[in-house]
Amino acid sequence: MSSIQPPSEILWWKQPLDRVEGTWIGIALVWSLIMFIMMPLWHVYGKQNLSNEAYRTTPEAFQAKTQAMVDQYTVRTETDMQIPVVRPPPGSDVYLIARLWQWWPLLELEKDQTYRLHIASMDWQHGFSLQPVNINTQILPGYEMVITVTPDTSGDQTIICNEYCGIGHHNMVGKIYVTEEN
Amino acid sequence: MSSQPLFRTCPESGLQFHKPAEWLMRANAVAAVVLLMFGGLLAVGVTLTRWPAFHLLPADIFYQVLTLHGINMLIFWIIFFEIAVLYFCSSTLLRCRLATPKLAWAAFGLMIGGAVLNNITVLGGSSTVMMTSYVPMPAAPNFYLGLILFAVGALIGCFIFLGTLVIAKEEKTYEGSIPLVTFGALTACIIAVFTIASGAIILIPTWLWSLGYIAHIDAAMYRLVWWAFGHSSQQINVAAHVAVWYAIAAIVFGAKPLSEKVSRMAFLLYIAFLQLASAHHLLVDPGLSSEWKIFNTSYAMYLAVLASMVHGLTVPGSIEVAQRAKGLTKGLFEWLRKAPWGNPTFSGMFISLIGFGFIGGISGVVMGTEQINIIIHNTIYVPGHFHATVVLGTTLAFMSLTYFLIPVLFRRQLVFPVLAKWQPYLFGIGMAVFTLAMMGAGTLGVERRHWDMAFADSALGFDYPASAYTMMGIMGISGMAAIVGGAVFVLVTVLSVFFGKRVESESGYSLATSRLMRAEPGIEHAGGHAAAGKWGFAAPGTFVFALFFLAIFVAYYVVNWKYLASVWPLS
Ligand code: HEM
Ligand SMILES: [Cu+2]
Ligand SMILES: [Cu+2]
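Going line by line, the protein sequences match chains A and B.
The first sequence begins at 13 in this note's numbering and counts up by one.
The second sequence begins at 14 in this note's numbering and counts up by one.
In isolation and in its complexed conformation, chain B is listed as follows (with noise of 0.2 angstroms):
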């Protein structure tokens, strides 16, 4: 062990970080922002195409900048972001030093160059095959090349957390067992190592296919390992933006988890279930029997999707009875009322939350089911979903943690904290409004990745019906409202992590590490913490808000039914 003082402890927060861990942490975000403002730029653009006011873009840009668009939102944006999640819910939740610093910044040099290299050649215009690049539609090789380095990177990442998680053990840093978002993260990282030798599996031999050794690769099986790779990735995020949830709601309430087994045993749900959950991408896939399409939809997805269902009522719920701990009783929502709406920490990760659950999820869950994604597969209803499950979920429970971490990891305080107040709802109703714009254009079979919708250069032609250019009309106008939401986050950001005021406390580093105690046991114990709430339940109102949800869930897959029953019969 090195002798060097190492460590610092935040006053504010109280959370102590490892000086090498502190600087990844804030390469692998600054590196994150960089992409997410590249990404938004690109998000103007393809807004702005499909618009059809608008229609910016001649078709051949379009179709690019859609490809780099999605890579580096999804793919770098994201994954920069969460190598620094983890090795805040390793290095500093733990309050451990950091396995193999000179490594993790191998690993960060191996991500940028890899995501430097496939936008380099998506941009020399070699590459526009969507982030997809369904094979026999060739890429550069240095498409799949750039990939493949970045996903080298991230495993190094991975194995670097769970490296720190076996010191932070062995060193005895904490009491106990590690908490409950180091579990959350844990399974992230877990559903990761899996997720990349999906990747590796399906791109390397499309690389060496790209390169002329391979001379041939099946189209239905590069979908069936391609989604096993792209879907799981899905569930890193997923897994990601739970724990962190969890994690603001203890930041700013300090609240702990209605029970530590439940929420554990869902996260544990998502490893167990999840991974074969791909299939719902195959659904109308030629090549595979429906017994196969609905065993891995149903059985894999549903207990993945009761474990969303689980997290989505414990978060909210341990909120609620640590607002009722401190008197917030009145009534079902006083404890809602009352929490800090102009934090937005706070305020981001219930958006989140809300969006997640009642846009992402429910759409999610509708077409994913076999019959009824006849009538929604590859319509715009698909990136409708998606953008409220990574956008509206998981990069607005991100941009939530940042606000928390600028004074405490990069020790400035906000610019323009008014800006920042107001950016999640700008940005979280932005993107609601943009999704569900977007999943009312696909239900009327307005496709995604197309550039005219009016098809004035084909010699056939079609006409969608008025309704679906009004919706596409709200999708562009909420679509940029959202990108305005976005960029005052990356101006925000930005302009406080370079240039905002220092924290002023005292935070120096020292030798002396504290080890981390088990949280106390809450005054609950006495009567239960049922004793605050209603009915015999801790949590009455969420519960409320749980049942809520679930009707309009019913009530819109009873809709998609019979959507479906007036389709031609097939068979």
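If we strip away everything but chain A, and leave its shape as in the complex, we get (with noise of 0.2 angstroms):
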């Protein structure tokens, strides 16, 4: 019985610490600073960095970009919805609404070109999850979204929606469609 009772040294903040207590600590807190360095040391090295680049919006506005580029990139549409898919040049803006519950519009893009791709949320808070490649983020109403990515496997992606938003939330699929270079 002495974890529950008082301290058995009236002094016993003087007590020496085990050495098994000492070595451990030492261990761990190296073993703590080499997991802080990992961070800043993957913004230099590393490919995989959200910039955390965003913007102040509102529905309005980013409604309006993205349908400037709809109306001029779109290739074809999809389902009985009629879902626009559009194919921006590499390198440029791109931009996706997520909104109840949908992603919008559908996006096809080029392997190994580099795109600005903007997401924002029209609504309710949402979540862009690409898979099978596994990239995931928060997405905000207000808050104007850029990531700068670059596709460097060919196929299909899904984008799904990870933040539960309503009854609809399991239905809120997208596409981005990534091509071979032609």
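These aren't lab readings, by the way, just hints derived from the structure by calculation.
One thing to keep in mind: the hints can contain errors.
As the list claims (entries may be wrong) - DSSO-like, lysine-lysine: derived pairs with alpha carbons at most 30 angstroms apart:
hint: 1; chain 1: B; residue 1: LYS434; chain 2: A; residue 2: LYS26
hint: 2; chain 1: B; residue 1: LYS575; chain 2: B; residue 2: LYS514
hint: 3; chain 1: B; residue 1: LYS115; chain 2: B; residue 2: LYS32
hint: 4; chain 1: B; residue 1: LYS274; chain 2: A; residue 2: LYS26
hint: 5; chain 1: B; residue 1: LYS32; chain 2: A; residue 2: LYS26
hint: 6; chain 1: B; residue 1: LYS182; chain 2: A; residue 2: LYS26
hint: 7; chain 1: B; residue 1: LYS547; chain 2: A; residue 2: LYS59
These numbers come from a predicted model, not from an experiment.
Hints given; two lone chains; assemble the complex.
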């Protein structure tokens, strides 16, 4: 019955620590520092970093920019709902709307080209989850998030919503098609 | 001071109970278990729906049940129990009368009222918003009001704890400094006060917003402040269950801390650094800089992680030293082999320690790394992680303590002792597999809070790999096993408390109280307690164990960076 009693020594803070504690604290501290340094290092040497570029926006403003892109670069439509598939030029600004319960429009990108992908929500919070490549970010209303992305695998990627956004949440699916360069 | 006979000493444990505190602890613990039972029932619905072979509930009910499960478990069950723990660690451990019992009953009433109001509101169908209630998705005003009332009650409970510490000091009910376990509870209490303040800062405006008095709440700001509340409340849990681990080590083995200084410093690190770590919930949010994210997750979190790694050594280390002092000195692990594995108070506590450290701890640090979060955020990996911390860690630790409290606090013998003996294994191992399966599925991209991983109703669709379905199947089976384990706990405790045989021994109330004395200095002071250990280490077995932990930690950390490196370049 000891940890539930007052310390046996009056000046307990002057008692030396046990060697096993000192050793372990040293090891754990070094490991914590390594983990800390890994993050800034990855910003320098790693390739997967969010730029954290973001702007305040409004649904109207963001809708207008997206519509302009859709008007200019739509190549076809898909499904009964005639969702546009947009193929913007490499290097350009690409806009993606998150809204209840849709990712709009569908995108077609070219492999190994870089795009500035802007995403914002028109209503509630949503989650951008690109599968199977597995990239996940939070999408908020009022904020336009910019991710500079370079698809380096071709094929179909699906955008799933991974922030609960009401009853249609599980149907909120979009696509990014990545084509080989032509 | 009152002149009624209000104190009794438990002959088996030597603990002294103050009658009003005793009834308050009983009431809070019973409320906790009732809500755990409700939450467990809801877990059946959630688990059988996420298990693709069953896909039990329709979508709207699933989301509603998930909202209820999260709130009842994470908030109501845990905090009711924590209030009981706070009263125990102050009034009982310090042999002191509880400050203002009447106010404590009012607090209890507020908490019950708040919990009921919140539950009724969600059950009514108007507030299926998950426990996070992210704006601007609206809930009914009573949803927030219920949480606010509950929090006010809990806050009063915290102040009663603090008041009791003051009384104990003034009335000199103990010698020297407060015990380590009470110190841990004090840590939890201080964090709780901060937590509830953050909760008020975000929930009160949101409530006013739902009533129409405030026009707009910024989504990013909401997340920042909400997580200052939501994350810190997890630190309350950690501090509380670490205190419970130390308490159980002391109760079962007579263990004393390797050194008071280190264990207390580690608790202080929680206060100093965990608060800011809520940043790890916002690692992929827009509007925050990388510098801010890295500073807050690492500077703040890693020193808190350091604290947990220290407790992870010193708790089993204190057990090892106590066992070695009894002569169990053969090899590195005789002390552990010959531990009372059939005593659910011990086995539950030890499984809680291992599960929290190896599964919850490692996964938490890995996914809390700024860039690695990109491959994990909001996948089902996240509930996998926190079921390892808050279920395997906190809940199982509280269950273990309950087995001890039934004879001591409720004066009843356990019914079905054999079931009780197996319960921690069923619950613990079930939960361990469950959390690992969720992490596996999350690594394959399966989402959390998602009704249909097959996307049957969506126009565009998506197919997860077959392995993801396998993982979700394993999750379902092991989750149901854990639920059976939880049901056994509820069965044993409820039947024991209400129908168990009374403990025979005499424990009458009297006026007198006895003072809490200092722990006896251990034998170890002749040659340092290392004398019974190896390599000059008092707890060599624990040290080897800790190195094994570190090896897994490092390996898993590296694997996740590799996985991240395979993802599309982003900048
Ligand atoms: C045997 C027991 C349990 C099982 C099988 C279980 C199962 C589950 C499952 C399947 C989910 C849903 C994951 C999703 O779709 O996102 C979930 C969510 C959750 N569980 Fe449990 N659970 C159990 C016990 C607990 C306990 C004891 C706690 C807290 C102390 C807890 C806290 C939560 C929370 C906070 C959520 C998240 C709700 C949300 O996303 O808003 N669970 N649980
Ligand atoms: Cu959504
Ligand atoms: Cu959603």
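- Query: When the hints from earlier in the document are held up against this structure, which numbers fail?
  - Reply: 1, 2, 5 and 7
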